[in-house]
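Trainee: Residue strings, one per chain:
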Amino acid sequence: MSELKPRKDLLDIESLDREEIEYVLENAVPFKQLFQRSVKKVPTLRGKTVLNLFYEPSTRTSSSFEVAANRLSADVTNFTISSSSVVKGESLLDTIETLQAMRSDYIVIRHQAAGVPGIVAKHTGASVINAGDGYHAHPTQALLDAMTIREVYPEYKGRKVVIVGDVLHSRVARSTSTLLNKLGIEVAVLGPGSLIPEGRHDFMTRLRSWDEVFDWKPDAVYLLRVQMERQEGQFFPSIAEYHKMYGMNSQRLVRMRELGAYLMHPGPVNRGVEITDEAMRYERSLISTQVENGIAVRMAVLHWLKPETDKD
Amino acid sequence: MGEVSLFFINGRIAAAESSELREADVLVDAAGIITAIGTGLPAPEGAEVIDCAGCLLVPGMFDVHVHSREPGDEHKETLASCAAAALHGGVTGLVLMPDTSPPVDSGNLVKSAMDLVSEVSPIPMHQSGCLTKGRQGTELAGFSGMASRGVPMLTDADRTVSCPDLMRRCMEYARDFDLLVTSHTDTPALSKAGVVNEGRVSYRFGLPGIPGISQEIAIDRDILIASHTGARLHLQQLSTARGLESVRRAKEAGTKVTCEVSPHHLVLSELEIRDYNTHFKFNPPLRSVEDTEALVAGLIDGSIDIIASDHAPHTEFEKSSDFGSAPFGAAGLETTVLVLHDRFIRTGVFGWDLLIQRYSDAPRKLIGQLPVAISEGTAAEFFVFDPAAQTVITRDYLRTKSPVSPFIGETLAGAIRGTIVRGMWFA
Chain C
45 MSELKPRKDL LDIESLDREE IEYVLENAVP FKQLFQRSVK KVPTLRGKTV LNLFYEPSTR
105 TSSSFEVAAN RLSADVTNFT ISSSSVVKGE SLLDTIETLQ AMRSDYIVIR HQAAGVPGIV
165 AKHTGASVIN AGDGYHAHPT QALLDAMTIR EVYPEYKGRK VVIVGDVLHS RVARSTSTLL
225 NKLGIEVAVL GPGSLIPEGR HDFMTRLRSW DEVFDWKPDA VYLLRVQMER QEGQFFPSIA
285 EYHKMYGMNS QRLVRMRELG AYLMHPGPVN RGVEITDEAM RYERSLISTQ VENGIAVRMA
345 VLHWLKPETD KD
Chain V
13 MGEVSLFFIN GRIAAAESSE LREADVLVDA AGIITAIGTG LPAPEGAEVI DCAGCLLVPG
73 MFDVHVHSRE PGDEHKETLA SCAAAALHGG VTGLVLMPDT SPPVDSGNLV KSAMDLVSEV
133 SPIPMHQSGC LTKGRQGTEL AGFSGMASRG VPMLTDADRT VSCPDLMRRC MEYARDFDLL
193 VTSHTDTPAL SKAGVVNEGR VSYRFGLPGI PGISQEIAID RDILIASHTG ARLHLQQLST
253 ARGLESVRRA KEAGTKVTCE VSPHHLVLSE LEIRDYNTHF KFNPPLRSVE DTEALVAGLI
313 DGSIDIIASD HAPHTEFEKS SDFGSAPFGA AGLETTVLVL HDRFIRTGVF GWDLLIQRYS
373 DAPRKLIGQL PVAISEGTAA EFFVFDPAAQ TVITRDYLRT KSPVSPFIGE TLAGAIRGTI
433 VRGMWFA
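So the protein sequences, as listed, match chains C and V.
Count along the first sequence from 1, then add 44; that gives the number in the working numbering.
Count along the second sequence from 1, then add 12; that gives the number in the working numbering.
It should be emphasised that the hints constitute simulated quantities derived from the structure, not laboratory data.
One should not assume that every hint holds.
Using 16 Å as the maximum straight-line C-alpha spacing, the simulated EDC-like pairs for lysine to aspartate or glutamate come out as follows [stated by the list, open to error]:
1. C:LYS166 x V:ASP287
2. C:LYS226 x C:ASP246
3. V:LYS331 x C:ASP138
4. V:LYS413 x V:GLU86
From the derived model, a few chain C residues whose C-beta atoms are all more than 12 Å from chain V [what the hints assert, rightly or not]:
5. ARG51
6. ASP56
7. GLU66
8. LEU69
9. GLN77
10. GLN144
11. ALA145
12. ASP263
All figures in this text were calculated on a predicted structure; none of them were measured in a lab.
Glycine residues also receive a C-beta, built at the ideal position from the N, C-alpha and C atoms.
Generate the whole structure from the sequences, applying the supplied hints.
Mentor: Following this line, the structure appears as structure tokens:
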């Protein structure tokens with residue numbers, strides 16, 4: 045475990061090897077145990093600075109990183125740039141220049157354009173953590189999902205997870221499915237044909253209905269957040285129809301109970317769309333565990349990455 | 013015109029008619045006319061001797077798809093830097109796209125563009141005109157005025173006339189002037205905000221995709237309108253195997269349609285896009301390996317008439333944006349001959365004759381120009397190519413103002429030693 049090659053940035057899941065994944069997931073466990081203590085802080089990153097750079101509003105992810113950094117005793121600066129204030133064609137390189145001048149050790153970045161964290165990483169010595177870029181990747185979400193599954197299934201290999209919803213536009217689906225696949229967990233998808241892309245990973249088996257899902261006997265059902273309106277047009281007729289076809293409701297909950305399957309969601313949930321109020325109270329819902337594990341995993345990631353800020 | 017006559021010795025002449033290379037010396041007088049071709053010719057007194065041992069003399073290429081950016085975007089490219097790039101790449105004539113600022117949509121603007129060309133360009137450049145006013149796709153542009161100024165073709169350059177009724181009127185109206193209608197072949201309602209080929213690559217990168225059908229439907233639509241109206245139609249930048257099949261069927265049915273392919277669609281697939289490198293962002297996008305293979309086959313069997321570079325300069329700064337926001341296109345004039353030689357001629361996939369047919373003869377014929385050949389009594393218009401040398405494509409190698417190219421960093425077999433046109437030798 046101690047022989048890991050130092051890594052500067054966390055940009056996606058694809059480039060991680062098995063050892064690195066294990067390292068982060070195992071380190072997240074003691075960090076999580078810390079949350080039970082009265083003093084939840086460790087001095088690991090004392091004197092280091094973390095810049096939270098969010099081009100897309102996200103209270104949850106941004107706060108999760110902020111809490112993680114605080115618990116490691118780092119100094120955190122939050123920098124939210126509302127997309128309306130970004131002039132179109134604003135130069136990314138100019139922004140990077142500005143960031144360089146701030147001399148942060150870690151830059152947590154969320155951006156609506158796929159690939160931006162990679163560009164920033166190339167131009168800075170700071171460790172860059174991708175907190176979600178376009179439809180591309182959301183690696184810390186994937187890691188927290190894997191941690192959550194491992195907690196309930198210590199023997200996770202060969203387990204089955206079905207991802208339900210808008211796979212086409214979901215960076216969560218991309219990153220989480222890739223990570224689960226790397227861990228030897230089977231992945232299937234359920235959703236309307238307009239949102240299940242042909243070009244998806246080969247390992248993502250497509251299931252056509254909830255009946256097929258329950259016949260497949262998933263160990264966990266992962267619901268994605270649904271967005272009705274998209275710039276590129278409409279992908280299903282109505283929220284009501286989506287809810288009827290793909291939402292988690294009381295009948296489907298009965299089947300979930302029979303299987304003992306867990307329920308997951310990256311948040312924030314749309315009640316009444318992908319999930320009913322009743323399903324939110326499902327005893328095997330892992331949704332709040334995911335939030336808690338998010339902090340632990342992000343602490344482990346900050347602890348793991350090695351900035352090259354002294355080279356700037 | 014040159015000061016002295018030029019004597020190219022020990023070279024071999026390439027021609028469209030045959031893959032055989034002919035060993036001969038070529039004498040070009042001070043006026044730029046080839047006065048003698050043969051072996052063992054005596055060097056005339058005062059002639060500058062250019063030793064072409066091991067090299068080929070190749071007829072100058074002609075590029076029907078060039079964005080010069082002047083006027084309006086001179087920070088990307090100017091007519092002068094565009095001409096320098098062309099000469100550096102063995103291209104001795106070209107057609108300028110009308111998507112300048114302002115767009116060339118009237119006879120007066122064609123005239124002012126051609127006046128500028130005659131002032132600054134050492135090579136012939138033909139200014140094309142817009143199909144619709146301001147390339148807005150709503151009203152017909154001034155066809156008769158542009159026709160009287162001799163535009164070689166009408167096109168909305170990188171924009172499709174999306175209304176089928178308006179495209180029909182364009183073709184009906186253009187037919188009266190025997191004007192060539194050139195279509196970018198895209199269906200904007202399908203390509204939307206797409207930036208890469210839709211499929212595995214768009215999924216993996218999390219980028220919005222451009223499906224093949226966005227071009228295929230436009231090809232089918234424009235072929236049908238051309239066949240209905242009897243207009244001459246030229247299709248730009250084929251990118252998919254299915255689009256090519258449509259063109260084949262249309263040609264068999266006797267529709268007056270020609271088409272072109274860009275070098276990047278012949279030699280690069282979507283799989284070459286790595287690390288969100290925006291130098292590989294094109295419109296139409298780089299497609300699958302199967303598509304590139306079909307396009308190469310179509311080029312060889314003649315279904316594809318023309319090679320055109322789609323020289324589309326953008327500054328490095330503009331291209332340093334994220335993949336979604338960066339502009340489409342890259343420089344192409346200087347790399348087309350080198351890349352196609354390296355990938356196809358060197359490896360025996362096709363010969364120089366085919367390259368000359370598709371990148372020199374057919375494009376000239378498309379706009380009613382005579383082909384250029386290296387023969388006695390004609391104006392010298394050729395370049396000297398050294399197949400034994402190597403060219404490393406770097407920013408410094410490129411003479412375009414915007415050295416953005418997917419081939420930067422590559423070492424290509426062969427080198428262009430110099431180009432002669434209008435009696436001037438550019439080495």
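Trainee: Determine for every hint whether it applies to the structure shown.
Mentor: Status of each hint after checking the structure:
no.: 1; hint: C:LYS166 x V:ASP287; in the structure: holds, 11 Å
no.: 2; hint: C:LYS226 x C:ASP246; in the structure: holds, 13 Å
no.: 3; hint: V:LYS331 x C:ASP138; in the structure: holds, 14 Å
no.: 4; hint: V:LYS413 x V:GLU86; in the structure: holds, 9 Å
no.: 5; hint: ARG51; in the structure: holds, 17 Å
no.: 6; hint: ASP56; in the structure: violated, 9 Å
no.: 7; hint: GLU66; in the structure: holds, 24 Å
no.: 8; hint: LEU69; in the structure: holds, 24 Å
no.: 9; hint: GLN77; in the structure: holds, 34 Å
no.: 10; hint: GLN144; in the structure: holds, 15 Å
no.: 11; hint: ALA145; in the structure: holds, 19 Å
no.: 12; hint: ASP263; in the structure: holds, 25 Å
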